[in-house]
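Using the working numbering, read the sequence shown as starting at 1 and increasing by one per residue.
Please note: incorrect hints may appear among the correct ones.
[Claimed, not checked] In silico SDA-like links for lysine to any residue, alpha-carbon gap of 20 Å or less:
1. Lys26 with Leu47
2. Lys76 with Ala101
3. Lys26 with Tyr46
4. Lys76 with Thr29
5. Lys76 with Ile107
6. Lys76 with Glu30
7. Lys26 with Ala42
8. Lys26 with Arg4
9. Lys76 with Gly109
10. Lys76 with Gln105
11. Lys26 with Thr37
12. Lys76 with Asp36
13. Lys76 with Lys26
14. Lys76 with Val44
15. Lys26 with Ile50
16. Lys26 with Val44
17. Lys76 with Tyr112
18. Lys76 with Ser86
19. Lys76 with Asp45
20. Lys26 with Asp45
21. Lys26 with Ile2
[As the list claims (entries may be wrong)] Label-pair restraints from in silico Cβ distances:
22. Met106 with Ser11: 51 to 59 Å
23. Glu102 with Ala31: 39 to 47 Å
24. Gln105 with Asp72: 29 to 37 Å
Hint data in this document are derived by calculation from the structure and do not stem from the laboratory.
Every value quoted in this text rests on a predicted model; they were computed, and no experiment measured them.
Every residue, glycine too, gets a C-beta built ideally from N, C-alpha and C.
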Amino acid sequence: RIDRPYYPNISVDIENNRLAWLIQAKAETEARTPVDTYQLRADVDYLEIIQTATNPYAISTMSLSEPQSDPDVLEKSRRYYPARWSIERLQYMVLLQKLTAEDFQMITGIAYTA
1 RIDRPYYPNI SVDIENNRLA WLIQAKAETE ARTPVDTYQL RADVDYLEII QTATNPYAIS
61 TMSLSEPQSD PDVLEKSRRY YPARWSIERL QYMVLLQKLT AEDFQMITGI AYTA
């Protein structure tokens with residue numbers, strides 16, 4: 001895989017220089033580290049949680065009086081914080097009621113403040 005910006009006649013360039021493009025793609029693939037893959041997975045998990053939480057149907061069912069943790073979000077938060085998810089991401093999870101303030105404190109060791 002190679003990520004390059006589009007330019008006119010890129011397909012002709014690729015066809016005429018196929019071997020060079022393949023060599024470059026292989027070199028770039030080998031240069032990627034497993035850490036990149038793990039971070040991508042953590043980012044996808046975060047975006048999926050945010051997308052679900054901000055779905056209009058999900059928002060209408062949230063209870064402001066008794067927030068409860070989502071067990072899946074709690075498990076991912078424990079796994080990804082602090083190496084893959086920032087404290088700001090966890091704060092946002094509390095705002096979206098995917099984590100409780102108590103969960104936030106248990107994971108980070110810091111009291112949650114809005």
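Structure-based check of all given hints:
no.: 1; hint: Lys26 with Leu47; in the structure: violated (29 Å)
no.: 2; hint: Lys76 with Ala101; in the structure: holds (16 Å)
no.: 3; hint: Lys26 with Tyr46; in the structure: violated (29 Å)
no.: 4; hint: Lys76 with Thr29; in the structure: violated (27 Å)
no.: 5; hint: Lys76 with Ile107; in the structure: holds (11 Å)
no.: 6; hint: Lys76 with Glu30; in the structure: violated (28 Å)
no.: 7; hint: Lys26 with Ala42; in the structure: violated (25 Å)
no.: 8; hint: Lys26 with Arg4; in the structure: holds (14 Å)
no.: 9; hint: Lys76 with Gly109; in the structure: holds (17 Å)
no.: 10; hint: Lys76 with Gln105; in the structure: holds (15 Å)
no.: 11; hint: Lys26 with Thr37; in the structure: holds (16 Å)
no.: 12; hint: Lys76 with Asp36; in the structure: holds (17 Å)
no.: 13; hint: Lys76 with Lys26; in the structure: violated (32 Å)
no.: 14; hint: Lys76 with Val44; in the structure: holds (11 Å)
no.: 15; hint: Lys26 with Ile50; in the structure: violated (34 Å)
no.: 16; hint: Lys26 with Val44; in the structure: violated (24 Å)
no.: 17; hint: Lys76 with Tyr112; in the structure: holds (18 Å)
no.: 18; hint: Lys76 with Ser86; in the structure: holds (12 Å)
no.: 19; hint: Lys76 with Asp45; in the structure: holds (8 Å)
no.: 20; hint: Lys26 with Asp45; in the structure: violated (27 Å)
no.: 21; hint: Lys26 with Ile2; in the structure: holds (9 Å)
no.: 22; hint: Met106 with Ser11: 51 to 59 Å; in the structure: holds (54 Å)
no.: 23; hint: Glu102 with Ala31: 39 to 47 Å; in the structure: holds (42 Å)
no.: 24; hint: Gln105 with Asp72: 29 to 37 Å; in the structure: violated (20 Å)
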